Amino acid sequence: MNIATHRTIYFWITGLILAGAFGAILFFGLPLDIDFTGGSLIQVNYPAGAPALADIQKQISVVPLGAVSVRSSGVNTVSIRTQTLTPEEHTAILASISQNTQVTEISYTSVGPTLGGQFATKALWALVAVVLAIILFIAFAFRKVSRPVPSWCYGLTVVVILVHDLIIPAGFFAVFAHFTGVKVDSLFITALLALLGYSVNDTIIIFDRIREHLAINEKTNNKETFETTVGKSISETMTRSINTSLTVVLALLTLAILGAPATHMFALVMLVGVIAGTYSSILLAAPLLIPLASKFVKK
Amino acid sequence: MTRFRVFAIVALAVGFLLAYFVWATQANPTSSYRFKLGLDLAGGTELVYKADMSQTQPSEQGDALSALREVIDRRVNLFGVAEPLVQTDQASALSGTTEDRLIVDLPGVTDINAAIAALGQTPTLEFKLATTTTVGTTTQVGFITTGLTGRYLSSAALQFGSGATAGLSAPQVLINFNSDGAKLFEKITSENIGQTLAIFLDGQPISTPVIKEAIPGGQATISGNFTATQARDLVKNLNFGALPIPISLESSSAVGPTLGSAAINAGVMAGLIGFAIIALFMILWYRFPGFIAAIALAEYLTFMLAIIKIVPITLTASGIAGLIISLGMAVDANVLIFERTKEELREGKTPREAVHIGFHRAWTAIRDGHLTMIISGIILFWLGTSIVQGFALVFVLGTLFSFVSAVTLSRIFLLAIVPEDGGGAWKFLLGSGIKNI
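Keeping their order, the protein sequence lines are chains D and H. First residue of the first sequence? That's 1 in the numbering used here, and the numbers climb one at a time after it. First residue of the second sequence? That's 1001 in the numbering used here, and the numbers climb one at a time after it.
Just so you know, the hints here were simulated from the structure itself, not pulled from any lab data. None of the values given here were measured: they were computed from a predicted structure. All C-beta atoms in this analysis are idealised placements derived from N, C-alpha and C, irrespective of residue type, glycine included. Be aware that one or more of the hints could be misleading.
Ranges of calculated distance between the beta carbons of each label pair, as one might list FRET restraints [to be verified]: (1) H:Ala1298 - D:Gly20: 38 to 46 Å; (2) D:Ala129 - H:Phe1428: 12 to 20 Å; (3) H:Asn1176 - D:Val128: 32 to 40 Å; (4) H:Pro1205 - D:Pro51: 24 to 32 Å; (5) H:Ala1114 - D:Leu65: 21 to 29 Å; (6) D:Gly117 - H:Ala1114: 35 to 43 Å; (7) H:Thr1131 - D:Arg71: 30 to 38 Å; (8) D:Ser61 - H:Asn1225: 48 to 56 Å; (9) H:Val1268 - D:Gly20: 32 to 40 Å.
Facing chain H, according to a computed beta carbon distance under 8 Å, are these residues of chain D, among others [what the hints assert, rightly or not]: (10) Lys122; (11) Thr190; (12) Asp208.
Computed list of lysine-lysine pairs in DSSO-like fashion (alpha-carbon distance at most 27 Å, straight line) [claimed, not checked]: (13) D:Lys232 - H:Lys1050; (14) H:Lys1050 - D:Lys122; (15) D:Lys232 - H:Lys1342; (16) D:Lys219 - H:Lys1342.
Turn these sequences into a full structure, and let the hints guide you.
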């Protein structure tokens, strides 16, 4: 089945998945962790088995604080999220929960509200700068093939695919977070950054093939339609796209199954993102160039 | 071909040497080339302080910040931590107002409150001139900074002097400035005779003596209403250094050692098994080139680990993520080359010719893909926060070397073995998938 000719069906399918992911983000929201909002996170382990979460909550309530969230985060492990704590409040909470049973604190993080806000702004600026740089670089790398699509269109399409590839795992995360209570932390941001790299590379490989065909066609004066060129390029790079994704998926699966609990979430988000990145670069990236091309040819 | 065989043997030898280096330095617990693990993996405490620069002249902020770092460094060493790290960080202009931070990493320290308390004992010492401004009928007393702060302190001592109100032997703290501080002190006192030079300790004016004459020699006495114990503690704390600017704790985090070591063991295990599965897949699908790729990737990984040890790069969870993705890039470069080689074989080229052309034609895709990654990585490193930077640094290095290894290592190995005119067996070995080619 030629993907370039049947592109409308694939646009619809990918569009629906994208809409679903987008809807999930809007509907469930992406709950931000203290890295962004400021606050404190205490992770404790109960060697003798964790008591009911409500009981822990009740024990903590002797310390005068705002909203406190207590959640299970693994076997006998509990995460307690609060506003930013002073060292005294931190000690008081630990004392309150270790009255009747032995408790070991396995991690404690406290982020001031201003620092949290800055983390978000900084991450956003970095992302914007990266996207701009990608458009510019690809426009430069494809400068010799400005017919029938201007070279900056390749850059623009890469960014469209990029947005798609980041929204799908984010949507997955929104659903996952809604049911398990995990939150968007800096490791999630790292996963998105890694996906950004993967996605761009995946798309460039196909574009490179189109570029090569266009150059050969020009040399041999071969007048095939742009659609044929795109279709040919997609089917020629298909094995490579699937095989590369397969190896990365295998590596991520081992990380998800055998890796530390701290990186489970990371591996899952990456898995979803790599799969989304693979189908988007095959079904969406190059086919998107065709309507762009017809637009420019008419003018 | 002989040329490629020599290259291949050299490349293999270098690979074995690096592998031995990575293994030997890790097996030796005293080696200085062991992996440096971030606090999230090894366990420890990180404290981030905000430095209050509002009272400091812009031209002196850099000096004040490095003086601050030195004092805290001394204090941290006192705390008895192996390899502490104290660094200053200026928030970039992109995030709005500039903010100066002091980041203190204490590996192995899990009692966060004890660490905060120990650092919190560092006093802030400032000398300020009192000014009176009259607005209408009310007179306001303000203080202006003189630039003379705790950073010019060389030592402090306890002495008992006669105070008018506190009895015959009121405890006093005698402070000695270093030579720069002594000059500054003399200048301030000579220019402002008759004025009040207030001594601020931790932001509070504890003593407000009036300057009677210029004081050379760099000695000053603080006579607050101290008890003997207070004065003794102050002397002790001042001798470990006084802060030139006030700081406040902005964020803190502590990771227990169990969480860290579990993360490492699981990570290493997942890494090894993941690599074995990738190698197996490559060999089963791409046959001979897949086998070559597995060797090239093993050498790639060895090289990366050696680089991480030598630079050294502190490994964090996000850095390991960067390593995994760059390994993916390296695998991809190999897959690209093999697919191209296979296409050439289909068109009837001889095996060796197909390998040559395969590399040549995969080159533009590998180049542009890798360059985009490197550009993105550099921007992330430049603009990102420390977690993002940890990822970006390993990612950029990994991509850079993936670039080099794909077009050198795999190529050298393949061209060293694939013959000029192989028969059907070579066609099979260079093919892929379930069918023959």
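ask   = Broken hints, numbered, in rising order?
value = 2, 3, 4, 6, 7, 8 and 13
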